[in-house]
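Since the structure of chain A is already known, use the hints to place chain B on it.
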Amino acid sequence: MENKAGAKTKKDAGYRNPVKLLSARMFRQNRGRNMVAAVAITMTTLMFTALFTLIQSMNENLVEMTFRQTGYDAQVSFKKIDPEQVRRLDAHPDVKETGESIVLGLAENEGLAGYQVEIRWGSESYARHSFSYPDTGRMPENADEVALDSITLRRLGIPAKTGERVTLEWRKDLTEETAEYIRADFTLCGIWEGNESGYAGMAWVGREYADRMTGGVYNTEGRILGQYMAQVSLYRDGNIENTMDLILKDTGLEGLEYGINLAYASEMGAAAQEMTLPAYFGMALVCLAGYLIIYNIFQISITADVRFYGQLKTLGMTARQLKKLVYGQAGRLCAIGIPAGLAAGWFLGLVLVPAFTGILGGGGRVSPHPVIFAGSSVFAGITVFVSCLRPARLAGRVSPVEALRRSDADGRMRKTKRGRGSASLSAISAMAWANLWRNKKRTVTAVVSLTLGFVLLSGFYAKNVSFDMEKYLGELTVADFTLEDATSADYIHGYDPQGTTLGDGLAGRLESMDGVEDAGHLYSHQFTWQMDAQTVENLKGYYTQEVLDRWGRYEADGPGMFREAVDKREAEAVVFGMDGIPLEAVTQPEYLLDGSFDAEAFAGGGYVLAVGPAVGEREEGSALPAPSVGSTIELEGNRYTVMAVVFPLHPVDGGASEQGAGDSMELHFILPSDVFCRLWPENTLRKLYVNVEDGYLGAVQEWLDGYMRDVDGSLPLTSRETMAGQYEAETRSAAVTGNAVSIVIAMVGVLNFINSMVTAILSRRREFAVIQSVGMTKKQLCGMLVYEGLFYAAITLAVSYPLSAAAVGIVVRAMVEGGFATFRFTLFPLAVCTPVLVAFAVLVPFFCFKDLEKRSIVERLRME
Amino acid sequence: MEAILKAAGLKKYYGKGDSLVRALDGVDLEIERGKFTAIIGTSGSGKSTLLNMLGGLDTPSGGSVRIGNTLLAELNSEQAAVFRRKQIGFIFQNYNLVPVLNVWENIIFPISLDGRKADTEFVMQVVKLLGLEKKLDSLPNNLSGGQQQRVAIARALAGKPSIVLADEPTGNLDSKTGDDVVGLLKMTGREFRQTIVMITHNPEIARMADRIIRIEDGRIVPQ
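Protein chains in written order, with this note's numbering: chain A, 1 to 864; chain B, 865 to 1087.
No lab work stands behind these hints: they were computed from the structure. Keep in mind the model is a prediction, meaning the values are calculated, not measured. Keep in mind that a hint or two might mislead.
Computed beta-carbon distance windows for the label pairs [stated by the list, open to error]:
1. Val378/A with Arg980/B: 29 to 39 angstroms
2. Pro963/B with Val378/A: 28 to 38 angstroms
3. Gln957/B with Arg766/A: 17 to 27 angstroms
4. Pro963/B with Lys850/A: 18 to 28 angstroms
5. Gly873/B with Val378/A: 47 to 57 angstroms
6. Val774/A with Lys1040/B: 31 to 41 angstroms
7. Thr777/A with Asp882/B: 54 to 64 angstroms
All C-beta atoms, glycine included, are put in the ideal place defined by N, C-alpha and C.
Only chain A is shown next, with the shape it has when bound in the complex (with noise of 0.2 angstroms):
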């Protein structure tokens, strides 16, 4: 005994940090408590791990969307350089990399119409900085090899495999329409996968016939043969403005031309920004459910153990040490809860990662990137440590006496008086009613939370429901299936209004199928047309200073080409025969902007409708950029009266100008078809629409691949459903981001719940065993505590209907409003939740109950 009594002095002589061990100790002994607040970390951490990575991948697909939209991923590019001027820009220390490309010309052969393949020379970082590095195959060596994506090679109709021949047309000069063609023959050395959202595509050959074509002559004004073009990549994103002037200020280049990424410039960031913004509020809410659950834990245990701290002060303890003590605890939950929240966000993120993928058709990708979790943490260790705050303070803060007197009241307990009549139901209930109230501050933070789940839940589902697909997809297509001409979309040689795609077999063919409703049939023509005065003044009342400023703002050429066009009086007419679908479409009453419609009098042909701006509510009588309702104006010749103004549907008027076309602004006008084909009789189908029965869709659907696969591969079809997919598959990974979160908040708002009554029961057990002793029967404490349960969620649910109703009907509604939604009040997921609430405030103090029972009262009497 001297022994140990011996050992034992020179062991623990003192321990180094009481604080420490004390904490240690309290959280072995608080099993149960600890337990609750290590899965409200879990759930927080969760929350984060998901927010982050879901903004995350937006940015990152947004950039790489945009890479491969530029077509490049270097910082810098040069339009114009000499091979000189490269090698000294090579040289530069801050110059990670050059990439070095001869344009000869354009592929014209005939499947290549409505896509851009440029025949260049490229070196091989040019090459892998512009996505068109071959993965099968290898870089043109010699003078006949070339290498392609595999969108040309179906356009081409040429099998994907190295050793193919391959001819491309293509004219030295563009700029003249008698250039020889030039039909040159090179055998496939290298393919790599075509980018769907890239504008172009290139033809690389070897270095060899490049010189050959170009005779070394680089760069001659307005010619694209032999145009030098160099790609500049630096060390750092960051100011490559400023970064690209010094280097050209050392190697002596001063003042030549560069472009930046689109994808490096500030506006992305901004873009993004705006992107992940809903992203941002989830995580403010993820903050506030966080802060609302672990505050509530830490402000219970430390009411719970307000007594002890006080005989800590008692015994020396400074408030400093007691704050350490609590954040202590803090710790020691992170350290549990955040490591497995990270876990969870894990597989919540393999969840979410095949969802992701469906954005930008392959584009898409989701990486685990260190920073999410690095952020996450950090996160929720910042709402940890706020939740813990005000405890740690008050823990701080308890006078050592006071602490002798403290039951479980939040220390501003008013006494109340009651009656003297037996324990019946009322009083039962009235009892339950004040205890309630015995700590104001659990009872309301547990409600808070768990209303704050039930509102978000209830707004992002009616937010959800409200989305209207047919609105949404009534702006993208007006029909089952639009077929196109393959250059009416061809922004860069122009619309051919004699283009061959949709020939009259393939127009006759499908009109005639099983299944087929309703067609529709869109011609154009474009010409130069004078203005009359009337109209003049409209475009003026229109464009006002601001009007030009936000379309100069998306098209820098805007506010030039209006004010060219109403000095010189004169603007490019597009006049688009129509009938069937798309004329029905354009003029229903919501499409129309100013006069009515009568298409009895409209096909009569004295008549046209003109195209208005894409507005939306206008003020009665302000101005519209087309001639006015009621006037005459003459097209090409003849006269008619402009009967309506209607909205421009993107998949009635829209597509590109006419070959040939200058940039001026642009009048659309509409007329009845079979007055155009009369006027323009040599003019093809642009565009083909077709409504089918649903059953046939599918059948329809097949026909149009098998043509496109055997006679047509350049053929542009856009269908409704395969649009509906896209778009679900578009905003599938913020839909599940989003009910994650919400049904995560909702579910810490029922932890909260549970845990607030449980403790609320728990540190009570000497007080029921006192009220037993003096007389309440086991079936009245139970019907007390089911009451105190009950009068919870009477609470809760008296708070969340109005919160819920004002949520969904105001800002959902205001949210909804002009987007692709039909608004319907909804409180669903609230109506689902009730009797699951209703449930939980019964079986969680009946459960309770039972656990106190296991213990006599005698037992009870004698706790602390």
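Chain B alone, transformed into the frame defined by chain A:
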């Protein structure tokens, strides 16, 4: 003789108006260094309140307490806590043991909080005197009331404070142990020039003190 503890016009009121309770109503008191003082009085007379005031656990409604050269009212709560654990040993009626710490850890807890090392030889001496040497690894829950009280006493003495404030330290002990404990308190008090202020109901025990102060209705009854 030098007064180590000085209370002047000490008051503690609870409530307001009709329900005003005067727990302490103007107490003037001087206690000399190294003396053993017993405070006696009926339940609710204000004994415990006075002791809490003297130890700086509670703040008075009026008056002041001076320990040595320190005026307690001038300390903020942080400084008061540090002052307490350095200068005062408390023995509480309800022991106030930390349930998650074993006996040894409980005894040296205030010393550790202060970042000091215990004088183990001395502490072991106290432990042996109190008959706790076999219980050093036990948790408070596994001890009887008397054993817990002895742990609380050992804790109060372990840091060699200049003042020991004891609230009914023998209340839960049999009379033999009670006598031994008070004897021990007296002995250590003499050895380390400790000042001991003890509340007790037991007249036998009170008689062992150098001085007896009787308190009634919040006032000291003149002897």
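Here is how each hint holds up against the structure:
Distance hint for Val378/A and Arg980/B: a CB-CB separation of about 37 angstroms, consistent with the stated range 29 to 39 angstroms. Between Pro963/B and Val378/A the Cβ separation comes to about 35 angstroms, which falls inside the hinted range of 28 to 38 angstroms. Evaluation of the 17 to 27 angstroms hint for Gln957/B and Arg766/A yields a pass: the beta carbon distance comes to about 19 angstroms. One distance hint, 18 to 28 angstroms for the beta-carbon pair Pro963/B and Lys850/A, holds here, with the actual separation near 26 angstroms.
Roughly 55 angstroms separates the CB atoms of Gly873/B and Val378/A, a value that falls within the hinted 47 to 57 angstroms. At roughly 38 angstroms, the beta-carbon separation of Val774/A and Lys1040/B lies within the given 31 to 41 angstroms, and the hint holds. For the pair Thr777/A and Asp882/B, the supplied restraint of 54 to 64 angstroms is violated, since their beta-carbon distance comes to about 38 angstroms.
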